[in-house]
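Trainee: Each chain, letter by letter, is given below.
Protein chains: 2
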Amino acid sequence: MAIHYPNGGLFTTKNSASKKSRANNTIYGKRGMSLEDEINESNKYYLSAGIAVIHKKPTPIQIVDVYYPKRSAAVIKKAYFKQASTTDYNGVYRGHYLDFEAKETKNKTSFPLSNFHAHQIKHMKACQDQAGICFTIVKFVTTDQVFLMPANILFDYWDAQATGRKSIPKAVIERDGFEIDYALRPRIPYLNYVDLLLEK
Amino acid sequence: MAIHYPNGGLFTTKNSASKKSRANNTIYGKRGMSLEDEINESNKYYLSAGIAVIHKKPTPIQIVDVYYPKRSAAVIKKAYFKQASTTDYNGVYRGHYLDFEAKETKNKTSFPLSNFHAHQIKHMKACQDQAGICFTIVKFVTTDQVFLMPANILFDYWDAQATGRKSIPKAVIERDGFEIDYALRPRIPYLNYVDLLLEK
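Residue numbers (my numbering), protein chains in the order written: chain A, 1157 to 1356; chain B, 1157 to 1356.
Be a bit skeptical, because a hint or two may be false.
The list treats identical chains as interchangeable, and a pair is accepted whether it falls inside one copy or across any two copies.
As the list claims (entries may be wrong) - Using 20 Å as the maximum straight-line C-alpha spacing, the simulated DMTMM-like pairs for lysine to aspartate or glutamate come out as follows:
1) Lys-1200 <-> Asp-1285
2) Lys-1238 <-> Glu-1330
3) Lys-1233 <-> Asp-1221
4) Lys-1234 <-> Asp-1315
5) Lys-1278 <-> Glu-1197
6) Lys-1234 <-> Asp-1221
7) Lys-1356 <-> Asp-1332
Bear in mind the hints are in silico, worked out from the structure with no lab data behind them.
From just these sequences and the hints, can you work out the full model?
Mentor: Following this line, the structure appears as structure tokens:
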């Protein structure tokens, strides 16, 4: 039951707001899971259920020094992280090639283009030219909202950033993308929204 | 001109055979390139020509210890190689998802199944179930012959190995696969043979 002030206004406090937030989060299951964890778990489900084969690519490493101890596995003694030249995730779903990035932002009203490197955009454009399905899964962490943002939105803002703004307004993502409702299995059922993309 | 023995048999020596082999190798360009190098170079060509987007996945690494020096890039101080759970190559070609391994063998008459792990076979089967195009590029290094071997050949021998042989006869690969002729650009024009697979 909602409690009202004598003037009719709804009674809310920071406390009740945080309770609501906690209640919402209950269906998300594990608190504090990163978007990457959530997507990896979703992909695991999709794989085991025979729905799709999507994997996160390993982080590229530049190996400088490897030590081979006798009778045991090689040990990398020195290596550096390399910048990825592609996106993080790809795979196959009902004959379609999927290729996407997953990004979290703490921003409230827009998604900064600085989340991407030029070669990732180039990669996604090349994949789309080959009739691959490209998108970004964007999470606004302050509101726990997750969107599937088709790559064309990203391309439009990326290509205009020299003269335009350096971020994509959340309102545009809400209008032209798809908000993904959290579920139980999989946690982030993004393939439902890929189906909508394919119907377009 | 072929030189014949008085009995009509063709005159061959180890020496002339190796000369022939060397002559063949001239068109391959760089001697001593590994199959992986040759495929990476071919993929680079396919990408730059807008023909396909195929990448080798980074080697998966288990990072144990990372050092973050001030004002410079993170240095991995200890890490191990992990076993890959998928194949080495995947990507998109004219709307098709491609997924493959590249393997060299020094064997002369067969290709050992020990080149694969169970989870790679499982991965390729799952991809094929999603209408992905799966195959292995096999190089017989002693004769410098490269074949595109459709995944079904591998699956058949893999599934029968408990009671059957532990390798795929080269004769079967020659009969049911495609021998890839080396070329200049790209060095290994395997997509020509993917076209044949798609026509089937």
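Trainee: Hints first: check each against the structure and report whether it holds.
Mentor: Taking the hints in turn, this is what the structure says about them:
no., hint, result
1, Lys-1200 <-> Asp-1285, "between (28 Å within a copy, 16 Å between copies)"
2, Lys-1238 <-> Glu-1330, "neither (33 Å within a copy, 40 Å between copies)"
3, Lys-1233 <-> Asp-1221, "both (5 Å within a copy, 10 Å between copies)"
4, Lys-1234 <-> Asp-1315, "neither (38 Å within a copy, 40 Å between copies)"
5, Lys-1278 <-> Glu-1197, "between (28 Å within a copy, 19 Å between copies)"
6, Lys-1234 <-> Asp-1221, "both (5 Å within a copy, 10 Å between copies)"
7, Lys-1356 <-> Asp-1332, "within (12 Å within a copy, 39 Å between copies)"
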